[in-house]
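J.: Spelled out from the first residue to the last, the chains are:
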Amino acid sequence: MNRLYELPAWRAAEQIRCGELSAEEYVAHLLDRIGEVEPRVRAFITLLDRENLLGQARLIDKRVKAGEKLGRLAGIPIAVKDNICTLGVRTTCASRMLENYVPPYDATVVERLKAEDAILLGKTNMDEFAMGTSTETSYFGPTRNPWNLERVPGGSSGGSAAAVASGMTPLALGSDTGGSIRCPASFCGVVGLKPTYGLVSRYGLVAYANSLEQIGPITFNVRDCSLLLSIIAGRDPKDATTINAEESYEASGGSLKGFRIGLVRELLGEGTHPAVLEAVHRFAGKLEEAGAELGEVSLPILEYALPAYYIIAMSEASSNLARYDGIRYGFRAEGEGLDWSREFSLTRSLGFGEEVKRRIILGTYALSAGYFDRFFLKAVKAATLIRRSLLEAFKNYTLLLAPTMPIPPFKLGEKIRDPLALYLCDVDTVPVNLAGVPAISLPAGFHEGLPLGAQLIGPPLGEQTLLKAAASYEEVSPESFRRPPI
Amino acid sequence: MKGEKHISREEVEHVAWLARIELSEEEKELYTQQFNQILAYFSKLAELETEDVPPELHVVNLVNVCREDKAGKPLSVEEALKNAPKRRGEYFEAPRIL
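Going down the list, the protein sequences come from chains W and P.
Just so you know, we're using the working numbering here: the first sequence kicks off at 1 and counts up by one.
Just so you know, we're using the working numbering here: the second sequence kicks off at 1 and counts up by one.
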């Protein structure tokens with residue numbers, strides 16, 4: 001097969017484990033693909049050395065030959081977002097602040113991947129500290145959308161989604177604080193799942209807004225998404241917010257008889273691009289074709305989701321990023337004879353980019369005396385109402401359906417000078433994080449050669465149901481799951 | 001709300017200082033203008049009635065879990081100091097405090 005990079009990860013792993021496919025050949029093929037497209041896409045901040053990767057693959061082949069039973073991801077390369085700590089491999093958060101930071105430990109999710117014999121391929125580009133919707137705020141420069149190199153790949157996990165779409169890796173991890181897995185999955189035409197809050201360990205994920213974020217899979221197909229989720233989900237003694245997961249998640253597909261799908265009226269209103277509206281309705285039609293019953297649900301409270309999200313996220317960021325003082329790790333400004341506060345301020349002034357500073361300062365403001373009740377507390381109460389309203393909707397509907405992004409992928413440079421305009425793009429994704437529920441973004445067709453996405457939203461711990469519906473949709477929509485012509 | 005002043009340049013300077021971020025003159029100008037726009041948008045929340053609403057944070061109820069109080073393997077001094085921009089012997093070197 002000369003387009004071996006299109007092979008689903010689950011199948012490649014099966015073939016490698018039974019000796020039908022050599023891991024070395026597979027990894028070499030993907031590295032060639034990277035050599036071909038990465039100079040144009042720029043999805044990676046750090047790629048592991050070719051010889052190192054091929055050496056790991058040869059070891060897998062050797063163990064197969066020796067009759068050893070290998071893990072579920074035997075010989076499968078995976079790209080990991082650069083805010084997830086990897087032992088001995090630098091983890092920059094796409095920031096000058098952590099440009100040379102090499103973690104002395106693996107994040108729990110990375111440990112679990114290695115335990116299944118996956119091969120860490122590299123670390124992917126992202127918005128600085130995951131703060132952005134376009135991967136343009138990276139200190140290392142933007143990633144390009146493989147469907148159109150003039151367009152953004154979405155963000156903040158833009159590198160992970162672009163790498164999967166362009167066939168540089170079959171699997172990637174992203175993190176989703178306000179849509180950072182689903183947005184780039186939508187813009188790049190791939191599958192991205194944001195798990196229920198607490199399902200996946202955040203140990204080793206560099207914190208931005210802890211009460212909202214989750215690590216999750218970005219893959220080309222639904223079955224790979226289920227496989228990756230099965231591996232990373234579950235309790236971790238190192239993250240006290242984790243909960244028990246299913247033994248494994250199946251992308252079973254088949255009939256959706258008995259499923260009630262609610263289209264969220266407030267997320268299909270003005271401000272949504274007509275092509276996106278059309279795509280979501282077409283998506284709904286496919287679910288109906290698979291046996292589901294459609295309805296419409298109104299959640300007026302969602303009007304407040306965006307300001308509530310930004311206030312909470314910025315407030316948590318201001319506290320979390322206070323740790324960057326240039327003493328124990330990270331960038332440190334040079335200055336002789338400066339006192340602590342001056343050196344600290346200068347370090348942060350030069351080490352952080354414009355958007356990160358904007359969020360830290362606004363978050364500090366929202367938490368400061370006199371503003372705490374008006375902003376932070378009010379936002380958390382709004383989140384309570386949003387969560388209640390979604391849970392109420394799940395009494396009548398199995399899953400909810402909405403656009404992932406209100407617009408198709410936009411041009412590089414188009415919005416970056418106007419922060420509020422960029423924040424407004426997150427209007428469809430943030431309610432999910434405020435409510436802590438799971439959601440999956442799926443390819444939903446194209447507009448002028450650019451991919452569009454729709455998201456299915458599930459009740460708490462509804463991942464299995466989400467994945468079943470996603471797999472059924474995939475079965476009847478092969479035309480939406482396409483590779484970019486790159 | 002449009003046109004209303006939510007935050008002054010002096011307040012931006014003050015909050016940036018609280019956050020220990022030194023701002024250039026251009027940044028003070030830019031942030032003051034942008035923060036006014038953003039805060040005008042955020043103030044939409046004021047119209048929401050939240051009198052009897054509790055501030056809840058988690059969707060899945062967490063229960064206390066206990067584990068054995070057993071020491072794990074700590075980082076060695078070398079590992080802990082490996083990423084320090086400045087060190088002196090076995091210590092991090094910090095700026096002057098007094």
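Derived from the structure by calculation, the hints contain no laboratory data.
Incorrect hints may have been included.
In silico BS3-like links for lysine-lysine, alpha-carbon gap of 27 Å or less [as the list claims (entries may be wrong)]:
#	chain 1	residue 1	chain 2	residue 2
1	P	44	P	28
2	P	70	W	238
3	W	415	P	44
Bear in mind that the values here come from a model prediction, so they are computed numbers and not experimental data.
J.: Sort out whether residue 44/P lies within 27 Å of residue 415/W, counting only the CA atoms.
T.: Cα-Cα ~22 Å, so holds.
J.: Take the C-alpha atoms of residue 44/P and residue 28/P, compute the straight-line distance between them, and say whether it is at most 27 Å.
T.: 25 Å, holds
J.: For residue 70/P and residue 238/W, compute the direct alpha-carbon distance and say whether it is at most 27 Å.
T.: 13 Å, holds
Hint violations for this structure: none, all hints satisfied.
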